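Enquirer: One-letter residues, chain by chain:
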Amino acid sequence: MSLDSRTQIDGADRYARQTAADRPGVAQPVPVRPLPAQPWNRILPFAIVLFALLLAAWEWHWRAFGATPGIRNTDGLWAIQRRRIDHGEGNATVLTGASRVYFDVQLPVWEKLAGTRPIQLAYEGTTPLVYLDDLAADANFTGRVLIGVAPDVFFTGFAYRGTAAKYTHKESPSQRIGQWLSMRFIEPYFAFYDPDYALETVLARQAWPQRPGRPDRLDVRKLAQTAADRDTHLWGKVDTDPAYRALARSIWHQEFQPSEDDPPPEKLKQMIADEIARAAKDVAALRARGVQVLFVRPPSDGEYLEFENKLFPRAQTWDALLAATGAPGIHFQDYPELNQNWNLPEWSHLAQADAECYTAALYTIIERDFWPKHDPRQTKR
Amino acid sequence: MVFNSLTFVVFFACVLVLHNLPLSWTTKKINLLIASYLFYSAWNPPFVILLWVSTVVDWYAAQGLVKARRESARHAWMLLSVVANLGLLGYFKYGQFLVDNFGALMGTLGIAWQPAHYDIVLPVGISFYTFATMSYTLDVYLRRAQPANNLLDYALFVTFFPHLVAGPIMRPTELVPQFEQPRKASADQLRFGLALMTLGLFNKIVIADSFLSRVAERVYDGDKIPGMLDAWAATLAFSGQIFCDFAGYSTTAIGAALCLGFAMPDNFRFPYAAIGFSDFWRRWHITLSSWLRDYLYIPLGGNRHGERRTYAALMATMLLGGLWHGASWTFVVWGGLHGLYLAVERLVRTRFAAYRPGPAMLVALGLLTFALVNITWVFFRARTFDKAWSVLRGMLGTNTASRPILPMFGLLTVAVIVGGMVLTHWYMRGRTLESVVARAHPAAVCAVWALLAFAIVIAQGSGAAFIYFQF
Chain A
1 MSLDSRTQID GADRYARQTA ADRPGVAQPV PVRPLPAQPW NRILPFAIVL FALLLAAWEW
61 HWRAFGATPG IRNTDGLWAI QRRRIDHGEG NATVLTGASR VYFDVQLPVW EKLAGTRPIQ
121 LAYEGTTPLV YLDDLAADAN FTGRVLIGVA PDVFFTGFAY RGTAAKYTHK ESPSQRIGQW
181 LSMRFIEPYF AFYDPDYALE TVLARQAWPQ RPGRPDRLDV RKLAQTAADR DTHLWGKVDT
241 DPAYRALARS IWHQEFQPSE DDPPPEKLKQ MIADEIARAA KDVAALRARG VQVLFVRPPS
301 DGEYLEFENK LFPRAQTWDA LLAATGAPGI HFQDYPELNQ NWNLPEWSHL AQADAECYTA
361 ALYTIIERDF WPKHDPRQTK R
Chain B
1 MVFNSLTFVV FFACVLVLHN LPLSWTTKKI NLLIASYLFY SAWNPPFVIL LWVSTVVDWY
61 AAQGLVKARR ESARHAWMLL SVVANLGLLG YFKYGQFLVD NFGALMGTLG IAWQPAHYDI
121 VLPVGISFYT FATMSYTLDV YLRRAQPANN LLDYALFVTF FPHLVAGPIM RPTELVPQFE
181 QPRKASADQL RFGLALMTLG LFNKIVIADS FLSRVAERVY DGDKIPGMLD AWAATLAFSG
241 QIFCDFAGYS TTAIGAALCL GFAMPDNFRF PYAAIGFSDF WRRWHITLSS WLRDYLYIPL
301 GGNRHGERRT YAALMATMLL GGLWHGASWT FVVWGGLHGL YLAVERLVRT RFAAYRPGPA
361 MLVALGLLTF ALVNITWVFF RARTFDKAWS VLRGMLGTNT ASRPILPMFG LLTVAVIVGG
421 MVLTHWYMRG RTLESVVARA HPAAVCAVWA LLAFAIVIAQ GSGAAFIYFQ F
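Protein chains in written order, with the working numbering: chain A, 1 to 381; chain B, 1 to 471.
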């Protein structure tokens with residue numbers, strides 16, 4: 001368009017199609033939508049074929065990488081499990097925590113030993129206190145709750161996926177239907193349909209030039225495979241592919257390096273105290289309702305364990321937590337059967353086979369020392 | 001439900017099938033009406049009642065207007081519509097805002113009064129459908145339109161799902177006549193409608209949600225102080241995000257309506273190529289700006305009562321237009337800045353009426369317009385004035401304690417996408433999408449369509465709500 005005429009700047013004739021903006025103060029007519037002259041009858045089928053070919057190539061690429069179809073770990077999936085408490089399973093056993101409880105506790109193993117399948121509400125990278133607050137406020141919940149403690153998450157209040165409870169309470173019928181459709185018709189069939197392979201995520205992690213003064217940090221990659229009831233285990237590739245395992249370790253390694261964003265020691269101390277106080281409040285509310293609470297510190301290894309011991313010494317975190325809440329706890333270092341020579345490929349989570357053994361060992365201790373299978377307190381409710 | 005959801009895909013497929021069955025026109029309209037109520041209630045079923053209230057009040061108000069013999073009775077019917085609609089809007093959208101501000105006012109007067117928190121849920125799209133229903137009564141009142149022949153056509157005008165929750169804000173004269181005669185899309189209309197929906201969803205899912213929103217969030221929702229580069233990049237990202245989000249919605253809505261055989265008006269005309277702010281507002285959210293002009297600015301006197309009154313009407317319209325977007329003073333400032341820009345532009349045009357800018361100056365004025373629009377987006381995006389000032393200081397380069405926030409990928413994303421968007425708007429500023437598509441080679445149209453659809457799928461959108469749903 002020419003840009004040298006004042007009339008074209010001021011007059012409505014500069015617009016290629018008139019709209020209500022060009023017709024002040026009058027009744028607006030029925031709009032006219034012109035149809036571009038194109039062989040649409042041929043364009044559409046060819047576009048569909050091209051789209052299908054592109055999608056097939058993308059799917060093939062990710063399957064070649066090792067991906068397999070799985071259920072997406074979304075707030076909608078979490079909500080399905082959370083609703084079980086309000087729909088007749090208020091006295092169930094609920095698992096909360098961060099990724100270690102989520103990946104390490106295998107629901108089929110637990111069910112085989114306990115006779116019932118627990119409700120998995122743990123969420124990766126997220127303090128369980130976000131969801132313990134929600135359970136403490138829900139009078140429908142009168143069962144048992146296992147609270148996983150990953151020190152760097154629990155005692156800082158970090159909540160990477162902290163919106164699930166709010167989402168559950170506000171989930172619209174449309175979102176519920178969408179979750180149902182996705183779980184049945186999309187997720188079980190497409191390996192590429194995983195947040196780790198989303199277009200922006202894939203592009204963002206390419207080797208772009210580094211911005212001066214802002215060191216690039218790698219985001220955590222896909223680590224787990226999830227089923228429809230949130231039964232989750234460490235992805236096999238982390239265990240079997242040395243390059244991918246090294247990548248996963250290098251990502252954790254970033255966390256262990258001092259950063260300008262780290263809280264100063266006094267602030268960290270205060271954060272730990274705040275989170276312990278928050279846990280004590282929730283535990284008191286739950287126990288007042290007869291809910292049985294048990295803290296569990298799952299195993300970690302290598303540089304991760306060193307980092308945790310350095311920043312979150314047991315005496316000031318785990319021991320202080322149990323003292324403040326008055327609740328029992330299982331620390332993996334206190335039980336030989338939980339402190340075996342486990343395979344933790346990236347120092348933080350158990351490989352699937354070991355996760356099954358760990359779950360069996362953990363459940364055996366729980367039933368023996370804390371939650372007997374036939375507990376009169378449970379059956380009374 | 002949102003357009004960018006699996007639920008909508010299934011819903012729309014069902015609607016298309018139903019609309020193409022050999023049923024009577026009345027049955028098809030009833031199907032569309034029921035589908036539209038389902039579309040709305042998929043968010044929060046009880047809020048359908050509000051939609052019914054707004055529909056019924058304006059239906060009877062318009063009937064009353066036609067039957068009224070005295071002017072005072074006509075006024076009364078018109079006022080009933082305005083009060084009922086603005087009452088709904090006021091309670092649900094501005095109730096808490098008014099109570100909070102009253103509390104703050106009492107505080108400044110030294111009176112201790114703690115405002116109650118009502119936890120009012122904002123019904124999706126209430127600002128859009130109340131404006132649509134009001135335009136019906138006001139057009140009848142202003143004798144620009146006749147009432148609809150029957151309640152079904154009128155209810156469908158209010159509720160028709162493509163425009164219901166985020167526009168384009170339809171006028172009764174644009175849509176009601178389309179319900180009077182049987183309508184069904186031709187095969188080519190259906191195909192082009194699907195192509196428009198693909199383009200709209202690409203804008204929303206790929207550009208707005210996947211690439212630009214995260215850049216804006218890192219700066220606007222974080223606690224770090226931005227420097228000049230980060231502040232500008234985040235604000236430019238938001239300017240691209242909000243355009244792609246909202247224009248994406250409008251394009252999808254127009255495409256969905258076209259698939260059913262209905263025509264909806266343009267809501268955007270490549271606004272980032274605007275030269276000046278009167279041009280901008282004839283390109284951005286056209287159906288809202290023309291609504292405000294016809295039902296607020298002109299009744300306030302428009303430009304018919306001298307310069308002072310014109311400026312006052314202009315400023316009042318833009319301030320209220322800002323408040324329409326959200327119950328927050330930051331939106332009022334956003335509207336106020338646009339009012340100020342329009343007033344200054346009017347003044348300059350009057351003073352330099354004989355000036356004829358050359359091509360280079362026009363480009364410079366266009367870029368100045370874009371830069372100043374970006375300043376207003378700061379207040380639109382920031383949740384607090386503190387954050388807005390922090391970003392503005394960053395844009396002016398006066399944040400001395402800043403550290404780099406965005407990674408190189410974020411900066412490149414903004415440069416490529418927003419730069420490309422502005423260039424595209426300039427190329428398209430005197431064209432329509434249809435004219436460009438008509439001139440393209442069919443193989444290119446086919447390839448672009450397939451690539452857009454492919455990008456939508458692999459972007460794996462989260463089904464995030466459109467920004468304008470909150471308004």
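Don't read these hints as lab results, they were simulated from the structure. Since we're looking at a predicted model, the values are computed, not measured. The beta carbon of each residue, even a glycine, is placed where N, CA and C say it ideally should be. A couple of the hints might just be wrong.
Reference excerpt, derived from the structure (chain B facing chain A, CB under 8 Å, subset only) [said to hold, decoys possible]:
# : residue
1 : A42
2 : P46
3 : I49
4 : F92
5 : R293
6 : G430
7 : P442
8 : C446
Cross-link-like lysine-lysine pairs, in silico, DSS-like; alpha carbons within 30 Å at most [unchecked claim]:
#  : chain 1 : residue 1 : chain 2 : residue 2
9  : A       : K269      : B       : K387
10 : A       : K166      : A       : K310
11 : A       : K267      : B       : K184
Covered stretches of chain B, going by a simulated chain A footprint (3 or more residues, C-beta under 8 Å) [unchecked claim]:
#  : region
12 : 103 to 117
13 : 452 to 461
Enquirer: Let me make sure I understand: some of the numbered hints might not hold for this structure. Which ones are they, in numerical order?
Expert: 2, 3, 4, 10, 11 and 12
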